[in-house]
Amino acid sequence: MKEDRREFLKKSCRVLSMTAMATQMRHFGLINALAQEKADTEGDDDYKALVCVFLDGGNDGNNSVIPNYDEGYAQYATARQAQGLAIARNSLLPITPASMGGQVWGLNPNLSELHSLWGLGKMAVACNVGCLVQPLTRATYQGGAPRPYQLFSHPDQAEQFRTAISSYKATTGWGGRLADHTGSLNMNPAIPMITSIAGANIFNNGLNTKPLIVGASPTPLNQVLALTGFGTAADELARRAAMSNSLAQDLDYAIVQNASAITQQALNVSAQLSVDPTLTVTFPTTTLGNQLRQVAKLIKVRTLLNMKRQIFFVQLGAFDHHSSQLNNHASLLRQVSQAIKAFYDETVAQGVASSVTTFTMSDFNRTFNPAGSGSTVGSDHGWGGPYFVVGDSVLGGNFYGRPTSNGTFVPTMVVNTGDDADIRGRFIPSVSVEQYAATLARWYGLADADLSLVFPNIGNFNGSNLGFMM
Amino acid sequence: MINVNDVCRRLRFLMLCGVTCLLCLLGSQSASALPDDAPVLISESNSTRALFTVSTGTKTRSATVIQPGRDTVVTFFITNVELLKGERANAFRADFEDSAHNRYPLQIVSLDASTSSVYALSVRLPVELGSVGDVLVRVTWRGMSSNRVRASIGFEGGKIEDDPGSVPTPMPTANISRKSKSAERADLPWTGDRVRFLEQATFGPNAALEIRVRRIGYSTWIEEQMDEQIYESYVYPNYPFFPITPSPTCDGNTLPPDSPATCFRDNYTMYPLQNWFYKEALYNDRQQLRRRVSWALGQIFVTSGRVNSQPSQMMPYIQTLDRNAFGNFRRLLKEMTLNPAMGTYLDMAISTAQNPNENYAREILQLFTIGLDLLNQDGTPVVDGQGNPLPSYNQTTINNFTKIFTGWTYCNQGCTSSQPGVINYRDPMIPNPANHDTSSKTLLNYSGATPVIPAGLTPEQDLEAALNNIFYHPNVGPFIGKLLIQQLVTSNPTPAYVGRVAAVFNNNGRGDRGDLKAVVRAILLDPEARGNIKTDPVYGKLREPVLFVTNVLRPFNPTANNNIGVPASCSGLSDGAINAITQPLDQDVFSPPSVFNYYPMDYVIPNTPLAGPEFGIFSTGTALKRPNFVNQMGPPNSSGATGILAVTGAASNTPCGTRIDLTRLEALAASDSTGVALVDTLNREMMHGALSSPVRNEVLNAVQSVQSTNSVKRARTAFYLIATLSQYQVQR
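If you read the sequences in order, they're chains B and D. Using the working numbering, the first residue of the first sequence is number 1, and each one after it goes up by one. Using the working numbering, the first residue of the second sequence is number 1, and each one after it goes up by one.
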């Protein structure tokens, strides 16, 4: 095994691009010291992974986590029942977060698998999280205080959740920047620190970090980046060489050069992904299930790929329920719940449940006040909402956050007062994306000194640790 | 204004200025490899050092070294440019490259005529630029890169080599008149520009179109395509409306079996439309331009088969795009607003005064017409004192537009296509005054606008007022103009190019606003679009999967596959079942994942300042599927059946299959054992002759490594390599 691995490392060094090489060299001193320290204290299995599950389009958090105590449910019903958007109280899956002082809350009935994880203390809820440039109240917001760029627009808000910078149009994502500043924790990695199973998006891009992007299951892991049609005869090798050599030409042309860089990276990693491991757990064959299954496979071959730290990005779309929300949202939540549970179970089977933390993000919450009514009822673009964090390193079974206008972590569930930005129940977040992300990033291994490099606006907010990670 | 003679005097270049050296600049003596339509940066007479002046604050002086600093403005001198009326500094870009090969884009400050043939271009140094020693300076204009001249930042020296073949390009002594180049050079025996033009205006060049354009020229060809009144070669698939919930025998599940077996596929999926689309793209040469523009507009006005899952629901939307591709934008806007597929997709069909839905109100502004930021007429954002863009509307604006779009729904009774029990997706939506919010609304405010719409108007009156309010917003020209340029020509047009197209949108020359014919003409005939070769480093666009695939197929006579013998019903043609190739490349035709299209139009290539919309779906995960497709169509390492195979059976998704014919390439390979004829032919037909010489050598080497008697493998090797090049993935 040791021999194989050394051989493997040599190979992976050969395929590292020159820039990656240079980055590696720069970090070499640091790496050595760090590696020695790790070896002394933690042995060989110091592994951590963050898995971002992006609910694209704006998940209705108001129908994901619902008040289940009398006054709370009454407020909820007042806002949503008449138009037909309220979830029946008797169907809610009850939860009792300690931080809410004995109040009973409920999860959407389609989140039964997540409910079981809550019961095991493996899932926490971060409350009223959203894009902010500085803390806001209803009064300061309505008075014109600084707010996120293009607030309530999809691409901008989704982007700000992914960049954790809401003051302007950032060009890097927080996943990418986190990888920039923790890249040295991977020594001679065979693949990039970040892998997206959901295509290119800004979350994955750092200043130096370029993500690996692969397709979901059922494509076997060793075929996601396969180049077909090459034999071993001399003229075949010549064709292959011509293809590779051409990728290093015309680099002056920026668009061509960027296409070449991505293709070259695919060819490099293609050579590394040589096995398709077998998993213990059967995943649902849904969009999200298939993506998380591929993530689980990559985690399973982490040692082979020499990965100590990994960030994964998966995504489920179609949450933009301006209409016909109830059935569609139910089926999406069921998919989320089942896929995350299967993934969690697989991390248990692999013995890495405390090394892998899965968390949700979305564009925004939706308006508490419905859009339309009856069978086609939906909701419009909102703001602050609840997000889920799952794993054995999560201090689960509780709500986390910062006080809203009513002193608790959740906004006052009434429109046109309290925490509403306007009249439709777009709740002003009490927790910024930066605070949510920084809590995860610190657990992942980001040094305190680098916190403000990854999250440049973190200093605008009250604390950088929401406390949901061990 | 800076007088060149003063500069020369000050720089003690009098003597040098007197030297007639223009010939070595523009002459034929191989002195410079610069194409004759490229701008020329002026150097000292006896070296490749730039001629320049430096200003800090109000002082302008000569210097040999430029000291970096926020206030430093450097003026360079350029010639061999001939400006159109109104063409200004925003037609130019400039950059420095230092010895570490870092590129610094420079902010253009001004452009002044020095003499009738020399212009002074002033640039501001980037804040992050330190004392890096010698740099190479470049200017680009209309997609053409200048020669690069040397300048010293902070100190003289450093290890940056001149470009190969670089020669001094001193100040011309006489006024030179740049050879005027008309866009019409189509009559020449062969020019790369004809193929380039077809890459922009069609789904891919082929021999027939190339000959047609050569005979009649660009303008006439454009008119010919625009005049054609029958929009399709293959009849629009016109399926009946089906119930929202499929019946058990038409639900795609095996038990009970569907009847017919294709019931679900043909009535509840985009399959028939996708096949139709690809057949049109492959075979309808008379409507290439309309189809390409319609396809581009459909990526701006997005709806999706993911919501409107029946082909009968999406077909009227596609017909609306086709019908208006060369019509007026205002009419397109209205027909799109009232299109039932759009009404479903963005919820206008259910938005009522009692229960308003803001989805359509938001996206019509953000995506279809004016965008998020206030724009100058050249498409650059209007900024405040701190350099921040100004939003073009806010949530209150959206709330008001939401009100104005209430009260419209499907015409399920009494219209031509109304049928009991199904939703009418063919006729435009109709008003239901009872559901319309009749309160007063305040819409977009801009010079000349009447933003306040009084209370009590009918839904129709409100709609017309709202669409006019949007249509006349000054953002529409630059916003739509730039998106169409990005779809057809290049991802990073100069502001000047956007400005020229926006001006035509604003006024087609006869006082009409929104004339899409004129806009398309302006885009395709612009000097930034035309030319045999473009050398600006940021020119071009990554081909999206659909365009990549159709460009690979169209030059090689795509037909039905003959692996099972061609069924007569195929008439020898491909069935168009090609979406199976592009769907895994993240372009599932007519089923984009969201209203933000297959890829976001504002996607920025990571770690660059460059727009690259198509890079939103080009990743390690999709990149290798492109060469794998090329291998499928003509595998060099196999002599077996190629292409998308035809499969027999009534329910087959590929009853005819698709193949291409490379026999003419094989003949070329057989006729010339050097491989040169083969490679150069592909270079002309697929690369408009722009293959760089190192890459040409790579391809040639690989071809020559195949036994010369194996002309099939030689042909396929050359085809594979050209079609998989990054240079081919990018339309330049």
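Since the hints were made in silico from the structure, they are not lab data. Honestly, I wouldn't trust all of these hints.
Partial selection, computed: residues in chain D whose CB lies under 8 angstroms from chain B [unchecked claim]:
| hint | residue |
| --- | --- |
| 1 | Pro248 |
| 2 | Cys250 |
| 3 | Ala353 |
| 4 | Pro356 |
| 5 | Leu372 |
| 6 | Gln413 |
From the structure, some residues in chain D lie toward chain B, with a derived Cβ separation under 8 angstroms [as the list claims (entries may be wrong)]:
| hint | residue |
| --- | --- |
| 7 | Thr450 |
| 8 | Pro454 |
| 9 | Pro606 |
| 10 | Ala702 |
Positions of the beta carbon are idealized from the N, C-alpha and C atoms, including for glycine.
Item checked: Structure-inconsistent hints, enumerated in ascending order -> The structure conflicts with hints 1, 2, 3, 6, 7, 8, although it agrees with all the remaining ones.
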